[in-house]
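Chains U and E are the protein sequences, given in the same order.
Start counting the first sequence at 20; every next residue gets the next number (our numbering).
Start counting the second sequence at 13; every next residue gets the next number (our numbering).
If you're looking for bench data, these hints aren't it; they were derived computationally from the structure.
Given the structure is predicted, the values throughout are model-derived calculations rather than measurements.
Heads up, a few of these hints could be off.
No farther apart than 27 Å at their CA atoms in a straight line, the calculated lysine-lysine pairs in the DSSO-like style are these [as the list claims (entries may be wrong)]:
1) 24/U with 236/U
2) 239/U with 254/U
3) 73/U with 239/U
4) 143/U with 327/E
5) 18/E with 239/U
6) 254/U with 24/U
7) 73/U with 236/U
8) 236/U with 18/E
9) 24/U with 231/U
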Amino acid sequence: MIEAKNISVSYDDRAVLDTISFALERGEIIALLGPNGAGKTTLIKALNGTIGLKKGEVLLGSLSAEQREIHAMSRREIAGLIAVVAQENETKFPVSVLEYVLAGRFVNGGAFGWESENDFETAKRALKDCDLNGYEERLMNNLSGGERQRVVLARAMATNARILLLDEPTANLDLAHQAMMFRLVRERCRGCESAAIVITHDLNLAAEFADKIILLKDGKIAAFGIPAEVLTAEKISDVFGVDVLLDENPASRKVRITAVY
Amino acid sequence: MKRLWKILLILTLVLAASIVAASMLGAERVSLLSMDESQRSILFDIRLPRILLGACVGASLALAGAGLQALLRNPLAEPYLLGVSNGAALGTMLAFVLFEGTEFARPLLALGGAGLATFAVYQMARSRAGMNVERLVLSGVIVTTFLSSIIVMLTTILDAARLRSFTFWLLGDLSQATLTGVYISLAGVLIAVVLLVSQARALNLMMIGERDAADFGVETSRVRLIVFGAASLVVAAAVAASGSVGYVGLIVPHLLRLAVGSDNRIVIPASALAGAAFVVLADTVARVAIAPRELPVGAITALIGAPLFIYLLRKN
Numbered sequence: 020m021i022e023a024k025n026i027s028v029s030y031d032d033r034a035v036l037d038t039i040s041f042a043l044e045r046g047e048i049i050a051l052l053g054p055n056g057a058g059k060t061t062l063i064k065a066l067n068g069t070i071g072l073k074k075g076e077v078l079l080g081s082l083s084a085e086q087r088e089i090h091a092m093s094r095r096e097i098a099g100l101i102a103v104v105a106q107e108n109e110t111k112f113p114v115s116v117l118e119y120v121l122a123g124r125f126v127n128g129g130a131f132g133w134e135s136e137n138d139f140e141t142a143k144r145a146l147k148d149c150d151l152n153g154y155e156e157r158l159m160n161n162l163s164g165g166e167r168q169r170v171v172l173a174r175a176m177a178t179n180a181r182i183l184l185l186d187e188p189t190a191n192l193d194l195a196h197q198a199m200m201f202r203l204v205r206e207r208c209r210g211c212e213s214a215a216i217v218i219t220h221d222l223n224l225a226a227e228f229a230d231k232i233i234l235l236k237d238g239k240i241a242a243f244g245i246p247a248e249v250l251t252a253e254k255i256s257d258v259f260g261v262d263v264l265l266d267e268n269p270a271s272r273k274v275r276i277t278a279v280y
Numbered sequence: 013m014k015r016l017w018k019i020l021l022i023l024t025l026v027l028a029a030s031i032v033a034a035s036m037l038g039a040e041r042v043s044l045l046s047m048d049e050s051q052r053s054i055l056f057d058i059r060l061p062r063i064l065l066g067a068c069v070g071a072s073l074a075l076a077g078a079g080l081q082a083l084l085r086n087p088l089a090e091p092y093l094l095g096v097s098n099g100a101a102l103g104t105m106l107a108f109v110l111f112e113g114t115e116f117a118r119p120l121l122a123l124g125g126a127g128l129a130t131f132a133v134y135q136m137a138r139s140r141a142g143m144n145v146e147r148l149v150l151s152g153v154i155v156t157t158f159l160s161s162i163i164v165m166l167t168t169i170l171d172a173a174r175l176r177s178f179t180f181w182l183l184g185d186l187s188q189a190t191l192t193g194v195y196i197s198l199a200g201v202l203i204a205v206v207l208l209v210s211q212a213r214a215l216n217l218m219m220i221g222e223r224d225a226a227d228f229g230v231e232t233s234r235v236r237l238i239v240f241g242a243a244s245l246v247v248a249a250a251v252a253a254s255g256s257v258g259y260v261g262l263i264v265p266h267l268l269r270l271a272v273g274s275d276n277r278i279v280i281p282a283s284a285l286a287g288a289a290f291v292v293l294a295d296t297v298a299r300v301a302i303a304p305r306e307l308p309v310g311a312i313t314a315l316i317g318a319p320l321f322i323y324l325l326r327k328n
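Could you put the whole structure together from the sequences, leaning on the hints where they help?
Rendered as structure tokens:
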């Protein structure tokens, strides 16, 4: 659905991403792991075309159309295919939760842009899915960090986009809502042939929910593959500089990582 | 959508009532039902052009304020504080000096000045980390004072008689209103309303965050160009006609957002109507407060606006 081919990105003269190549396939969840400053957020921006590439190309395709280079597409076309959950920034204006989520329906609207009944229904369903029933008229600035994060997720869920790019969606969430978040993404990827890339710092959540894992270090891919192959003590110690113990989660039979301090 | 029409209807009635009240009040009281010849002349030749110009200027400044605030994600953005008004003032002044202030040279050079000032402030205020309130206000102050110093230097060229009327004009003055001025301003307002309303939903996204807006399908550079263009256009037309009437673009959108929420599809057209009514009323106060002498309308708006600005700055 989305394919990075040898992409490199530099800020000033500092290389942030260095010849990254991988592909996200239909139905897949890829977890993007790596230490601070490894280039994870930059990779997300490169994948939806909001920053320029120094080298390489990003190819984007839907079910019906053939793949196209992302910088040849309009923002509107890209937003029709990709929804982003970014780290939320505060607004100085009194914006309600419903207004915020309806922003996700922007590309579905006309030129002078008033939302249709369908837009409202979709937005309300997204709010319900994110456990935000009754929040419609609350103001964004009056919510807690975790509630805001769920609203940002709901906005992405309210789009029709088939590719989700999530930048630390669980950062402020409690345990139950972390699980809710991954379950939602999982369902969406299974149900309507979507796919997702998720940045997280929680190796166990990644092991639990991701189909594949990318380990990013200093702008390069240190490892890419299924969790059992990528999450080895050697690779984790190499990328994060931390020793870990690995065993099996007794409930899910997936790999379980414990840091040794 | 239905809510929009309701709000616009109410504001239209408020504007109409303000215009009627302003027509009747002044150094000479005019009863609209029974007028003699001289009163008729006062109303149609002097007072009405001035009221209509005041309405256009108010609509212009409030529109520019509402648009710039959403675009720059900053409730303190205002054409007067950002130096846009002073850019237009310098352009108008050059037109005075170079072309004897012909009715069309003024708005054109004002537009050039407003556009350049907008561009300069924007370039100074943005950094790699984005744009914050302090940086924006500071850039506005720098550009404003820089342009003011050029204006002061230019005023030394003017002779004494023109100097007095010019000083008055700099503070924001509607007493030189002509019908041609009204037509030019009205054209500016109509163009800007269409441009800004067409971008209103995109501005709703920009207001949340520029990167967010791009993620969700807004062509941010195009929206920026249209909003800066529309704001420069109306501010130029307003300043060329009436000087720098300050704070209208700050007060009106702020009060509207308190009353109707932040949706720009409502705030922008409502700002035009409310801004028009606000300046018509402020100018009426300017005319009657110390009648038969007059105050510049800019003094009245600044008297209301400056304390509100301090309040907003502290709240942020």
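To see whether the hints hold, each was checked on the structure:
1. 24/U with 236/U: Holds, at roughly 18 Å.
2. 239/U with 254/U: Holds, because 14 Å separates the two Cα atoms, which is no more than 27 Å.
3. 73/U with 239/U: holds (15 Å)
4. 143/U with 327/E: Status violated; Cα separation ~32 Å.
5. 18/E with 239/U: Distance ~57 Å between residue 18/E and residue 239/U Cα, so the pair is violated.
6. 254/U with 24/U: holds (24 Å)
7. 73/U with 236/U: holds (19 Å)
8. 236/U with 18/E: violated (57 Å)
9. 24/U with 231/U: Given that 27 Å is the threshold and the Cα spacing comes to 18 Å, the pair holds.
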